[in-house]
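Start from the sequences, fold in the hints, and give me the full structure.
Letter by letter, the sequence shown follows residues 1 to 405 of the numbering used here.
Worth flagging that the hints you see were computed from the coordinates, not collected in a lab.
Honestly, I wouldn't trust all of these hints.
Said to hold, decoys possible - Below, computed lysine-lysine pairings styled on DSSO-like, alpha-carbon distance capped at 27 Å: (1) K67 with K249; (2) K245 with K186; (3) K120 with K37; (4) K276 with K301; (5) K270 with K310; (6) K288 with K327; (7) K37 with K83; (8) K33 with K142; (9) K177 with K123; (10) K142 with K123; (11) K278 with K288; (12) K142 with K364; (13) K327 with K278; (14) K249 with K352; (15) K120 with K142; (16) K352 with K362; (17) K98 with K67; (18) K250 with K327; (19) K37 with K2; (20) K66 with K83; (21) K33 with K118; (22) K249 with K302; (23) K302 with K215; (24) K309 with K270; (25) K327 with K215; (26) K249 with K327; (27) K2 with K120; (28) K284 with K269; (29) K327 with K302; (30) K288 with K270; (31) K208 with K302.
Claimed, not checked - Ranges of calculated distance between the beta carbons of each label pair, as one might list FRET restraints: (32) F79 with T23: 28 to 36 Å; (33) N312 with I221: 35 to 43 Å; (34) S181 with K253: 31 to 39 Å; (35) D252 with M1: 48 to 56 Å; (36) K269 with R248: 36 to 44 Å; (37) E127 with T23: 22 to 30 Å; (38) F224 with D252: 18 to 26 Å; (39) L145 with Y93: 38 to 46 Å.
Yeah, the Cβ is synthetic: ideal placement off N, Cα and C, and Gly gets one too.
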Amino acid sequence: MKLAIIGAGPSGMFAALNAKTSTNEVYLFEKNKFIGKKLLITGGGRCNITNNSKNQFFSDNIINGKKFLHSSLSQFSNFDLIKFLERHGIKLYSQGNKIFPKSQNSKEILNLLIDLLKEKGIKIITETEIEEISFSDFFILKTNLGVMNFDKVLIATGGFSHQETGSTGDGYRFSKKFGHSIFPLKPALSSILVKNSFVKNISGVSLKNVEVFIKEKNKRISEFGDVVFTFNGISGPAVLNISSKINRKKFDKIYIDLYPQMNNEDILKKFNFIVKEKINMNIKNILKSVITESMLDIILKKSGVDKNKKGNQITKEEKNMIIHTLKFFDLDFLNFNKINFATVTSGGVNLKEINPKTMESKLKKNLYFAGEVMNIDALSGGFNLQLAFSTGFVAGINMGENNER
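Structure representation (structure tokens):
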């Protein structure tokens, strides 16, 4: 059989490795000069390859496709990926539950995959753009190098974010050609833009171990971690993660709890203790020891408290207003950053049209999907890369049928 895999990212490369048998010819197409471009930038180049969380916790970090992905994660789990890498000489280390190569260099992972692809005799065809796919007894791929025919095709072209890596939405166009619908695209793991002009003045300020949240009716959707102010909004791990949870919600405000580990009463006790020691100082100087100085003017302005007021002049009501601002520091939501600047794409090929056990299209026999081109995404921490490898594995072994592995 002659098999075509379109897209040489993590899912495409891994699919190729698992599709190759002694009787299969596997062609791996990539529009860039070299393969694995997106893999190189993951984890800031350190390559957060997977996460060693157990089943339920891993599943809890999947935003879209949780039920659909159960089969592929059962067939090739995060622990299977860890064993695979270690078996091939990659030394790993954990940072919390996040797994990285000990070298902290994504090139080590990419070089391993390239070596294995070459060993298996997979035909890697770079700088080749698939212009069109059609079908007539077999799949016909029209490329900038000419026309080629294949028995089976896998679409592993990625989403619509980081377009400089080649993820420019080609896979959606190919999928539609065979009747597939595309779940609307949204930026995921994205920074958030706000209307408040004061963020320019605190751009670069980092808040450690805070809670970012929105209110949805009686529910609070939140993420804990670090937040960084940018010139037009907020970013940082907690913001990126919450963006994936709320990118299809309707809301006007996003909040930061600067002291999530303390309730109002605890903060008031601490407040009173500090004021008692520095009773003749103005409130701004009193609070310097507990609040980031660059944010003090904003917090006091939001609280409606004169920054020059002495500690012994602050009323209980004013203290409570400051505490409320610390627990509900509000920002006026404008938008998520453009999808091209998001880490991953939320949305994609409709999962109802794909067999979760094989990654084969339910609409077109011998057409397969893997990775971010489908409507799957997860929080940060190695989960998205794992989904690429797991779906690539399942698509590959089913494309290759009785694979010799």
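Hints, one by one, checked against the model:
1. K67 with K249: Measuring from Cα to Cα gives roughly 21 Å; hence the hint holds.
2. K245 with K186: 11 Å, holds
3. K120 with K37: 21 Å, holds
4. K276 with K301: Holds - the C-alpha atoms of K301 and K276 are around 22 Å apart, at most 27 Å.
5. K270 with K310: 17 Å, holds
6. K288 with K327: Satisfied, since the Cα-Cα distance of roughly 17 Å is no more than 27 Å.
7. K37 with K83: It holds: about 24 Å lies between the C-alpha atoms, which stays within 27 Å.
8. K33 with K142: 19 Å, holds
9. K177 with K123: 26 Å, holds
10. K142 with K123: 17 Å, holds
11. K278 with K288: Roughly 11 Å separates the two Cα atoms, so the pair holds.
12. K142 with K364: Within the cut-off at roughly 19 Å; holds.
13. K327 with K278: 23 Å, holds
14. K249 with K352: 22 Å, holds
15. K120 with K142: Judged against 27 Å, a Cα distance of about 26 Å means the pair holds.
16. K352 with K362: 8 Å, holds
17. K98 with K67: It holds: about 23 Å lies between the C-alpha atoms, which stays within 27 Å.
18. K250 with K327: Since the Cα atoms of K250 and K327 sit roughly 22 Å apart, the hinted pair holds (cutoff 27 Å).
19. K37 with K2: 25 Å, holds
20. K66 with K83: 23 Å, holds
21. K33 with K118: 16 Å, holds
22. K249 with K302: Since the Cα atoms of K249 and K302 sit roughly 26 Å apart, the hinted pair holds (cutoff 27 Å).
23. K302 with K215: 19 Å, holds
24. K309 with K270: 19 Å, holds
25. K327 with K215: This hinted pair holds, its Cα atoms lying about 13 Å apart.
26. K249 with K327: Given pair K249, K327 holds - Cα atoms ~22 Å apart, limit 27 Å.
27. K2 with K120: Measuring from Cα to Cα gives roughly 15 Å; hence the hint holds.
28. K284 with K269: With a Cα-Cα distance of about 18 Å, the restraint between K284 and K269 holds, given a limit of 27 Å.
29. K327 with K302: 12 Å, holds
30. K288 with K270: 13 Å, holds
31. K208 with K302: 21 Å, holds
32. F79 with T23: 28 to 36 Å: The hinted range 28 to 36 Å holds for F79 and T23, with Cβ atoms some 31 Å apart.
33. N312 with I221: 35 to 43 Å: Given about 41 Å between the Cβ atoms, the range holds.
34. S181 with K253: 31 to 39 Å: 33 Å, holds
35. D252 with M1: 48 to 56 Å: 54 Å, holds
36. K269 with R248: 36 to 44 Å: 40 Å, holds
37. E127 with T23: 22 to 30 Å: Holds, at about 28 Å.
38. F224 with D252: 18 to 26 Å: Between F224 and D252, where Cβ atoms are some 22 Å apart, the hint holds.
39. L145 with Y93: 38 to 46 Å: With Cβ atoms ~42 Å apart, the hint holds.
Hint compliance for this structure: no hint is broken.
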